[in-house]
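Note that the numbering used here has the sequence shown beginning at 1, numbered continuously upward.
Because the hints were derived from the structure by calculation, they are not lab data. Keep in mind it's a predicted model, so treat the numbers as computed, not measured. Certain hints may be false.
[To be verified] In silico DSBU-like cross-links for lysine-lysine, where the CA-CA straight-line distance does not exceed 30 Å:
1. K34 / K44
2. K31 / K44
3. K31 / K41
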Amino acid sequence: MQNQLQTLAQIFSDCIFRIPDYQRGYAWTEKQLKDFWNDLKQIKERENHYTGVVTLEIVPENIYTKWDNDYWIINSRSYTPYYIVDG
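Taking the hints into account, I'd like the entire structure generated from these sequences.
Below, the structure is given as structure tokens:
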């Protein structure tokens, strides 16, 4: 996979994303939730928002054969999956 800048819409369209079991969990505090919510509210004004680096790995076919275009989210900024809920 080539490194490239993409919008969240481009990243999450037509693919299924999974977070591997070995990725660490993330526990939200009220401060992180408020910071995240404020970031989301300001996206329209800024048009861009730095989300950190998201590393994707193509899932081997022998692991998941039911779906096409599966990717694992690896070593991303901890709240990347939460953009999916709001997006």
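Checked hints:
no. : hint      : result
1   : K34 / K44 : holds, 17 Å
2   : K31 / K44 : holds, 22 Å
3   : K31 / K41 : holds, 15 Å
No hint from the list above goes unmet by this structure.
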